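Novice: Just so you know, the sequences run in chain order A and B. Here the first sequence is numbered in my numbering, starting from 228 and rising by one per residue. Here the second sequence is numbered in my numbering, starting from 115 and rising by one per residue.
Derived by calculation from the structure, the hints in this document are not laboratory data. Treat each hint with caution, since some may be false.
Listed next, the in silico DSS-like pairs over lysine-lysine satisfying Cα-Cα at most 30 angstroms (straight line) [claimed, not checked]: (1) B/Lys323 <-> B/Lys299; (2) B/Lys247 <-> A/Lys339; (3) A/Lys339 <-> B/Lys160; (4) B/Lys263 <-> B/Lys299; (5) B/Lys173 <-> B/Lys247; (6) A/Lys339 <-> B/Lys299; (7) B/Lys131 <-> B/Lys350; (8) B/Lys138 <-> B/Lys354; (9) B/Lys247 <-> B/Lys375; (10) B/Lys274 <-> B/Lys151; (11) B/Lys354 <-> B/Lys375; (12) A/Lys339 <-> B/Lys263; (13) B/Lys247 <-> B/Lys263; (14) B/Lys247 <-> B/Lys160; (15) B/Lys173 <-> B/Lys131; (16) B/Lys354 <-> B/Lys160; (17) B/Lys274 <-> B/Lys173; (18) B/Lys151 <-> B/Lys173; (19) A/Lys339 <-> B/Lys173; (20) A/Lys339 <-> B/Lys354; (21) A/Lys339 <-> B/Lys151.
Short derived list, chain A residues pointing at chain B, Cβ under 8 angstroms [to be verified]: (22) His238; (23) Asn274; (24) Ser275; (25) Glu291; (26) Arg336; (27) Gly338; (28) Ser340; (29) Asn341; (30) Ser416; (31) Arg451; (32) Trp453.
Note that the structure is predicted; figures quoted are calculated from it, not measured. Note that beta-carbon positions come from the ideal geometry of N, C-alpha and C, so glycine has one too.
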Amino acid sequence: MDNDSGFMNRHYFLLRRLHSLSGIVPIGIFLLNHLLTNASIAWGAVNSRGSQHVSAGTIESVGEITARQVGTFQHDVTFINNMPFLILIEVSLWLGIGFHAILGVYYARTGKSNTSRYAYQDNWRYSLQRLTGYIAIFYIFYHVATLRWGWTFLSPTDTPWSHEQAASTFALALKGKVSGISAGGIAVSLFYFIGVTASVYHLANGLWTAAITWGLTVSEAAQRRWGYACAGLGAGLMVLAWSSLIGFLLLDVSSAQKIEHDLHAGHGSMVETEPHAADETQPLAEAR
Amino acid sequence: MSKQAPQQGRTIRFRIKRCDGPGKPSYWQEFDIVPEKNANIISCLKQIAETPVTVQGEKTTPVVWDSGCLEEVCGACTMVINGGVRQSCTGLIDVLAPNNGDTITLEPMSKFPVVRDLWVDRQRLFHNLERVKAWVPIDNTYSLGAGPKESPDSQATHYKLSECMSCGCCLEACPQFNIEEDESKWDESFIGAHAISQARLFNNHETGKQLKDERLEELSGKGGVGDCGNAQNCVKVCPKEIPLTESIAAMGRATTIHAVKSFFSGKK
Ligand code: SF4
Ligand code: SF4
Ligand code: FES
């Protein structure tokens, strides 16, 4: 027997359970946070303090709502980028996702979907869990590669994402051009929609099955009750995910750029020269 | 319901997936018969065996099948009927083919090696019961006396679990249980819902408990309860309505506790 499968077999139980756990901590917890942050591009509209650092002139030209949205989102992104040991958090996240993905593919390959014969709802759930896992791997890789590692050749524009101009540069990476949406932008937006939907499903259903795996929900009634809870959580996350996407698709890129310019001009200290910022991309306004 | 009683003297067609022996290719044959009153699949197979002539008028060998009790308690006659797995002895023709010209499709189970036609070798199913020592250890050279008392509560739970007839439906429908002809790989392949449920039965049994840790070790390893993907097909196809998914969760819990315990007690 080769060493690899020997190791897998000796620690079979532990690896299985770590695989289950890693889907919740860190990945699930992170996804929840990430979607909450992103959704501020939509619900920031009700945050009256979101526009407090935007000049009156800019608010006049872009509108109060947009100013609040971009202001709130940028504030949240800046908060995250100022967190201590951010790179450690990031690396542990990447390792967690890599571990979950590699073992997940290995486990998924032990099954053989049979929904054509047994078209039960639960059987579809099972097959979808595997399909959405595969989609999420590609999606998360694309997402991180283009926005975090700066692989702009995969992006519909050459503009790298910048955490200092978070809203405008992401809207560009999604839509492909400043006004309207390019063909590449349509493809990327669609991919984001599918990818984020798959990821949310994968988490909600994974939470449901994890409770069986660990033996938390034993009776059928308990499994049903926990199922409602997971469906509710999944629906909530789905609303966050879709509202973020809609928020960014509706965002006017040049308005966002104006707002971000104000945020940095007036309150540069808020985002300037963080020593730990591993992101060396320059803000758009400065680069021009 | 406005359904009419099935008409007597109707002709129905059987579409049967046949195979002349292990490793031989399978092929389809069709037979028309006029079923007897209150016929079931087995009685129709007997009729076909009397005059094994296909729809094309070609004389052929009788179709081979397995059966025992003829009352859905032995599991031997399990096969895939119209795409779904079930027992053939209780497959009533009046239900499956109520009208003249209706077709019934028969296939052997796909997760076990075919012996011939509809007869499969379920050896791996029994092997997997051995893996979890699905029995009460009472063998000895002298009388051990009366065993410990079982509470009425656990009796009620046990009764349901003990109804398993080792038919294999839960394995046939399971996406995680797949055919494995290489016997040396059986111990590392998914054990199946039936064995997980039997491990639960005997782990909760006052005398069966003696082998609890050994059963949990087996279920914690490769091919154990962790390999279940929670598709929950097993519970839907089990003819005895055994709460298999509850057994799976109960054994998930037991293996969790077992792992924590052995981590701290240092037995292993
Ligand atoms: S719940 Fe587990 S054992 Fe039952 S059919 Fe699904 S994968 Fe197989
Ligand atoms: S658990 Fe049900 S389906 Fe599985 S072998 Fe036993 S009786 Fe058959
Ligand atoms: S012959 Fe025993 S179950 Fe059908």
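Novice: For each hint, tell me whether it holds in the structure or not.
Specialist: For each hint, the structure was consulted:
no.	hint	verdict
1	B/Lys323 <-> B/Lys299	holds, 28 angstroms
2	B/Lys247 <-> A/Lys339	holds, 28 angstroms
3	A/Lys339 <-> B/Lys160	violated, 34 angstroms
4	B/Lys263 <-> B/Lys299	violated, 39 angstroms
5	B/Lys173 <-> B/Lys247	violated, 47 angstroms
6	A/Lys339 <-> B/Lys299	holds, 17 angstroms
7	B/Lys131 <-> B/Lys350	holds, 25 angstroms
8	B/Lys138 <-> B/Lys354	violated, 33 angstroms
9	B/Lys247 <-> B/Lys375	holds, 21 angstroms
10	B/Lys274 <-> B/Lys151	violated, 33 angstroms
11	B/Lys354 <-> B/Lys375	violated, 34 angstroms
12	A/Lys339 <-> B/Lys263	violated, 43 angstroms
13	B/Lys247 <-> B/Lys263	holds, 21 angstroms
14	B/Lys247 <-> B/Lys160	violated, 38 angstroms
15	B/Lys173 <-> B/Lys131	holds, 16 angstroms
16	B/Lys354 <-> B/Lys160	holds, 26 angstroms
17	B/Lys274 <-> B/Lys173	violated, 46 angstroms
18	B/Lys151 <-> B/Lys173	holds, 26 angstroms
19	A/Lys339 <-> B/Lys173	violated, 38 angstroms
20	A/Lys339 <-> B/Lys354	holds, 25 angstroms
21	A/Lys339 <-> B/Lys151	violated, 40 angstroms
22	His238	violated, 10 angstroms
23	Asn274	violated, 40 angstroms
24	Ser275	violated, 46 angstroms
25	Glu291	violated, 49 angstroms
26	Arg336	violated, 11 angstroms
27	Gly338	holds, 5 angstroms
28	Ser340	holds, 6 angstroms
29	Asn341	holds, 5 angstroms
30	Ser416	violated, 32 angstroms
31	Arg451	violated, 11 angstroms
32	Trp453	violated, 10 angstroms
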